[in-house]
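Trainee: Sequence:
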Amino acid sequence: MTTQFYDRLSNDLTQLLESSINCDVSIEVSEEEVPLVNIYKVHSIILQSRSSYFKKKFDEITFNENHDKVLKLPNISVKVFNVIIKYIYSGKISLEKLENSVIFDLLIASNELELDELVQHLESNLVNNNASWLRLNFAQVYRISYQVKNFKIIRDFCNNIITKYPNTIFESENFHSLPEDALISILKQDDLQLEENKIWEYVIEWGKAKNPTLPTNLNEWTSANFVTLKETLKGCLPHIRYFSFSNEDVVEKIYPYQQLLEQQLFLDITIKLITPNKPISSIVLSPRKILNTILPTRITPISLSSNIITNEHALEISSWIDKKEIPYIENNPYEFELLVRGSRDGFDIKTIYNICDKVSKTIIILKVKGTGEILGGYNPLEWENSNDQDIETNESFVFSLKTANMKDSILSTSDGGFVYSYPSKLELSFGYALRLIGNLKTEKRCCCMKSGEYRKPIRSSEFTSPLSSIPSVKSLFSVEEYEVFKILPRK
Numbered sequence: 001m002t003t004q005f006y007d008r009l010s011n012d013l014t015q016l017l018e019s020s021i022n023c024d025v026s027i028e029v030s031e032e033e034v035p036l037v038n039i040y041k042v043h044s045i046i047l048q049s050r051s052s053y054f055k056k057k058f059d060e061i062t063f064n065e066n067h068d069k070v071l072k073l074p075n076i077s078v079k080v081f082n083v084i085i086k087y088i089y090s091g092k093i094s095l096e097k098l099e100n101s102v103i104f105d106l107l108i109a110s111n112e113l114e115l116d117e118l119v120q121h122l123e124s125n126l127v128n129n130n131a132s133w134l135r136l137n138f139a140q141v142y143r144i145s146y147q148v149k150n151f152k153i154i155r156d157f158c159n160n161i162i163t164k165y166p167n168t169i170f171e172s173e174n175f176h177s178l179p180e181d182a183l184i185s186i187l188k189q190d191d192l193q194l195e196e197n198k199i200w201e202y203v204i205e206w207g208k209a210k211n212p213t214l215p216t217n218l219n220e221w222t223s224a225n226f227v228t229l230k231e232t233l234k235g236c237l238p239h240i241r242y243f244s245f246s247n248e249d250v251v252e253k254i255y256p257y258q259q260l261l262e263q264q265l266f267l268d269i270t271i272k273l274i275t276p277n278k279p280i281s282s283i284v285l286s287p288r289k290i291l292n293t294i295l296p297t298r299i300t301p302i303s304l305s306s307n308i309i310t311n312e313h314a315l316e317i318s319s320w321i322d323k324k325e326i327p328y329i330e331n332n333p334y335e336f337e338l339l340v341r342g343s344r345d346g347f348d349i350k351t352i353y354n355i356c357d358k359v360s361k362t363i364i365i366l367k368v369k370g371t372g373e374i375l376g377g378y379n380p381l382e383w384e385n386s387n388d389q390d391i392e393t394n395e396s397f398v399f400s401l402k403t404a405n406m407k408d409s410i411l412s413t414s415d416g417g418f419v420y421s422y423p424s425k426l427e428l429s430f431g432y433a434l435r436l437i438g439n440l441k442t443e444k445r446c447c448c449m450k451s452g453e454y455r456k457p458i459r460s461s462e463f464t465s466p467l468s469s470i471p472s473v474k475s476l477f478s479v480e481e482y483e484v485f486k487i488l489p490r491k
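Take the sequence shown: its position 190, counted from the start at 1, is 190 in full-length UniProt numbering, and no numbers get skipped.
Careful: at least some of the hints might be erroneous.
Unchecked claim - Under the rule of at most 16 Å between Cα atoms (straight-line distance), these lysine to aspartate or glutamate pairs were calculated in the EDC-like manner:
1) 69 with 28
2) 289 with 190
3) 278 with 262
4) 210 with 249
5) 234 with 191
6) 272 with 249
7) 253 with 195
8) 324 with 395
9) 198 with 262
10) 86 with 7
Unchecked claim - Ranges of calculated distance between the beta carbons of each label pair, as one might list FRET restraints:
11) 114 with 343: 25 to 33 Å
12) 415 with 201: 49 to 57 Å
13) 255 with 325: 43 to 51 Å
14) 149 with 405: 29 to 37 Å
15) 92 with 382: 20 to 28 Å
Since the hints were made in silico from the structure, they are not lab data.
We treat Cβ as the ideally placed atom computed from N, Cα and C, and that holds for glycine.
Could you build all of it, start to finish, from the sequences and the hints given here?
Mentor: Here it is as structure tokens:
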């Protein structure tokens, strides 16, 4: 049996980096917006053993007048390189406190530095844990995924979205800057959920955007203009399913641009229009497999004003409200209107009652101090600021949401469960499944207990108290932050 002491090794190498003992190479990292240059003293043997990029670069660099080797990395930010150099020495990385945009920059830099293991980890993290951010920045992400050939996980993620929701890319403001190979890849998709005449229009639009000097009015075009556009679209045109056009669309869409097509192809399109059963010599691509169930047009997500949850979380909560067996992945039917935030309005339970008095359909979200768990509950009925009452409803539910430390979300619904509204006692509870008491930040009195009203516990057994006993010390918690949202139908 082999005993491994990786933690000790990692810590020792981290200390070696911090001490700068026996460093033989300097790396200069600078940013355009920050004129200062950060200099990192490193050990070439460690970096070369971890990355073929550094091995090649250090072999190419000659010594300067001070007998030092200096490598400049002008395209990588200091924030990103701090993470990378610690990973190279320690083999460890923490993404929890990094913004998604920084994680994406980190992915690009890791690929440039040929850190393949880190690239794969960051791709998986973005797809599995931050898919909502990828969707919000879809055009940029998709463009880069094709510019950087190693991003297969993200590219597959994007292609899957595009086939189902083509307007994600075709209606994007960045569509015209889409690389040719990316557009061709989309056109090759047999299950692209878009009518062929619309695909044709987008391809023509993309080609024109690449040639801004072409006349706006098609009646003013010369043969040279059509030659120019044909040359631009030569990689795209073979992937159009010309024989899937309706007769009307052939006349209205294709005929005006007939000079873009090879003579035999245009002749065969015309033959099929006039005598559909007559044989032709052109290759006939199969029609696209359009689903019978029409997928909704993707709507640009509304920016979610939350310091705790993501758009992906919001979609999941909306699915629970609508009792959907298959969760929403796009087009959230609800807006989450922020009513209360602890860090802004105060952490006392009384604050929630004061602001949410007579407000129905609210979601309460909590980030548990110390564990990072995200817990919450949905109340379809109104809160009362002046009356203590037990409200019975089978529409309420409690939950814990997926985080970096929790693989899957937990939903706990009720059959005639109660929402306890006790403003005089400074308590707000969903049965005993989730009890919020006093000052949520300074007092450690909140807890989750096993409840007969809600089907399953939303915390692990070690943090859940039996209903028949006083809450255990371990089950009590305070919160780092909380938010209350009003759930509104999306306009």
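Trainee: For every hint, state whether the structure bears it out.
Mentor: For each hint, the structure was consulted:
1. For a cut-off of 16 Å, the pair hint linking residue 69 to residue 28 stands: about 11 Å separates their Cα positions.
2. Restraint check for residue 289 and residue 190: the C-alpha separation of about 6 Å stays at or below 16 Å, so the hint holds.
3. For the hint linking residue 278 to residue 262, the alpha-carbon distance of about 19 Å lies beyond 16 Å, and the restraint is violated.
4. In summary, the hint linking residue 210 to residue 249 is not supported, as the alpha carbons are separated by about 24 Å, beyond the 16 Å threshold.
5. As the CA atoms of residue 234 and residue 191 are separated by approximately 22 Å, the hinted pair breaks the 16 Å bound.
6. For the given pair, residue 272 sits about 13 Å from residue 249 by alpha-carbon distance, which is consistent with the 16 Å threshold.
7. Restraint check: the Cα-Cα separation between residue 253 and residue 195 comes to about 13 Å, which is no more than 16 Å; the hinted pair holds.
8. Restraint check for residue 324 and residue 395: satisfied, since their Cα atoms lie roughly 13 Å apart, inside the 16 Å limit.
9. Straight-line distance between C-alpha atoms of residue 198 and residue 262 comes to about 21 Å, which puts the hinted pair past the 16 Å bound.
10. Proposed proximity of residue 86 and residue 7 is supported: the alpha carbons are some 14 Å apart, at most 16 Å.
11. Distance hint check for residue 114 and residue 343: the Cβ-Cβ separation is about 41 Å, which falls outside the suggested range of 25 to 33 Å.
12. Remark: the range hint 49 to 57 Å for residue 415 to residue 201 is upheld by a beta-carbon distance near 52 Å.
13. Checked against the hint of 43 to 51 Å, the pair residue 255 and residue 325 passes, with Cβ atoms roughly 47 Å apart.
14. Residue 149 and residue 405 have their C-beta atoms about 33 Å apart, which keeps the hinted 29 to 37 Å range intact.
15. The hinted window of 20 to 28 Å between residue 92 and residue 382 is violated, with their beta carbons roughly 49 Å apart.
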